[in-house]
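S.K.: Each chain, written out:
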Amino acid sequence: MIATWIKSAGRTKEERLELFERLVSASNRQAHNMAMRLTANSAEAEDLLQETYLRAFRFFHRYDENLPFTSWIYRIMTNLHIDTVRRRTRLKTVSIEQTGSDGNQTWDLPDQKAAADCEVMCYALEEPLQLGLKAMTAEFRTAVVLADVEGLSYEEIAEVMQTSVGTVRSRIHRGRKQLREYLDKSCPGRYEVNFLQ
Amino acid sequence: MIAVRAHVEICASCEAELGSLRALKTDLASLPLVEPREGFADDVMRLVRNEKPEPVRVPVFAMVATSVAAAALAVLLFNAFIGGTDRTHLADDGARFDEASDAAVTNPDFGSHAPLIPVGR
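Residue numbers (the working numbering), protein chains in the order written: chain H, 1 to 197; chain V, 1 to 121.
I should point out that these hints are in silico values taken from the structure, not numbers from a laboratory.
In this text the structure is predicted, and so the values were computed from the model without any measurement.
One or more hints might be untrue.
[Stated by the list, open to error] Facing chain H, a subset of chain V residues (Cβ under 8 Å, in silico):
{"hint": "1", "residue": "I10"}
{"hint": "2", "residue": "A23"}
{"hint": "3", "residue": "L24"}
{"hint": "4", "residue": "A29"}
{"hint": "5", "residue": "G39"}
{"hint": "6", "residue": "A41"}
{"hint": "7", "residue": "V48"}
{"hint": "8", "residue": "R49"}
Positions of the beta carbon are idealized from the N, C-alpha and C atoms, including for glycine.
Just chain V, same shape as in the assembly (with noise of 0.2 Å):
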């Protein structure tokens, strides 16, 4: 920009040119206010009451993005709070057994199919 004005003020032919849109800018700047007739704005405003607006939609996109987020927060926070405890205890006699070996324990029609596995054993 610096240059540019430096430039300006030593060629004629720009210095020209600069004050003709200057002055071009100027009476465009100055052209007076152009009012609307009385009553414009009512009669758009009837206008518009009898006008439907389009219906609220949330673009798909939008939606299935916050629904992504949504549940890829819930996971996190579950793994965080829930699942990252450890879920293995002890039973009585000191040996570590895990939920699904203890519920067959207790259950015996639980997973009839799936060995009886003892963790620590």
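So here's chain H without its partners, still in its complex pose (with noise of 0.2 Å):
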């Protein structure tokens, strides 16, 4: 750990950047993957992206250079992604119809349909399961997504979620269970449990 700090703070400004620019070329294609499947909303994996790479480049001096860049991207997204849906769960729900000081509507709410988002969600699978995914708890779709999407080992998640292996084993169980339930009612039958066949 310290022998890092050392070798980072050995280096200028510039090496840092250029370290740093090489990284991200190389990791944001998937990293951004990543993102979408935790948000599916483009503009939402990109502000969600953004924010992980800025607080990479501040924290850089605390990355083990032994360790894959990738794991550690996905551990600083995972935990500003459950704090964002953990806020947005505590905001007061407020009334559409409220006005403003002035008397004037206070939101303006964005046309979902219009959404760029559509034309890269509406295939015939991909929709209903990203759907899922969003409709899940966010340690849960975490989870699941690094399972299953990533295709990381237990091991490689709870590292990156911080946790132990036997709760990445749950989280994973569970919200395949959840995602599967929410499937089972926007496409019926696909993943139906049916023993008497």
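Reconstruct the complex from the two isolated chains, following the hints.
M.R.: Dropping the structure here:
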């Protein structure tokens, strides 16, 4: 750990920037896909990934170069994502009819159907799966995406989510069941458990 | 694991459950890669260049622990190579004096309150 600090401290700003740029260039496609699967929205995915890289650069001296950069980025991203979801759920619900002090309507709601995401999401199977992922609990979604979309091992997920392998197993199992329940309603039959076959 | 597999082979309910979860896993794994827009990485780097990295701070605990360990090692090495040698020597007449009393003999002002203790007499 101390060796990492000494190594980072020994680099000039230009050297640090150059190394960081190479790592961003090598990781951004995979990391964007992960952000997209977590948020199900291209604008949110971009914001999440941008904030992840900014935070990564701020704390670049803490990065252990012996570990894969993507794992470190995933760790920052999952923490940011879970924090954002928790913050949102704490937000007070306010009526959209409520008016501001000037008497005008306060809310300008985006047209969800006009969002560019529809273009990306509207594949036969992709859309319900992505919506199902979005409907899940943040911790379960993260574990399932890391395991089933990104293909990480339980040990790697435990490292990224900073938890035990047992917790990871439990989150993945419960997450898959939660997703299947959602999909049973939106695409009945495909994942139905039918043991009379 | 083997016991679970053996059970699944004879239990229709668990076999169906496993099949369903496997299908879900396969579909998730085959989701297409969603690429970032053109120029996204460049935009990120533009923001990063304006960003100030956090100052490198070595944790106080790590620094204290390292200093204590280094000091302990230095003391051990000192004792092993210098402090461990016999610091007494034989005087010309064969009597053994410790260094303090030796210094006291050559310097009359040395340790005026301390008694002169010749060793071995």
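S.K.: It remains to establish, for every hint, whether it holds in the given structure.
M.R.: How the hints compare with the structure:
no.: 1; hint: I10; in the structure: violated (12 Å)
no.: 2; hint: A23; in the structure: holds (6 Å)
no.: 3; hint: L24; in the structure: holds (5 Å)
no.: 4; hint: A29; in the structure: holds (6 Å)
no.: 5; hint: G39; in the structure: violated (11 Å)
no.: 6; hint: A41; in the structure: holds (5 Å)
no.: 7; hint: V48; in the structure: holds (5 Å)
no.: 8; hint: R49; in the structure: holds (7 Å)
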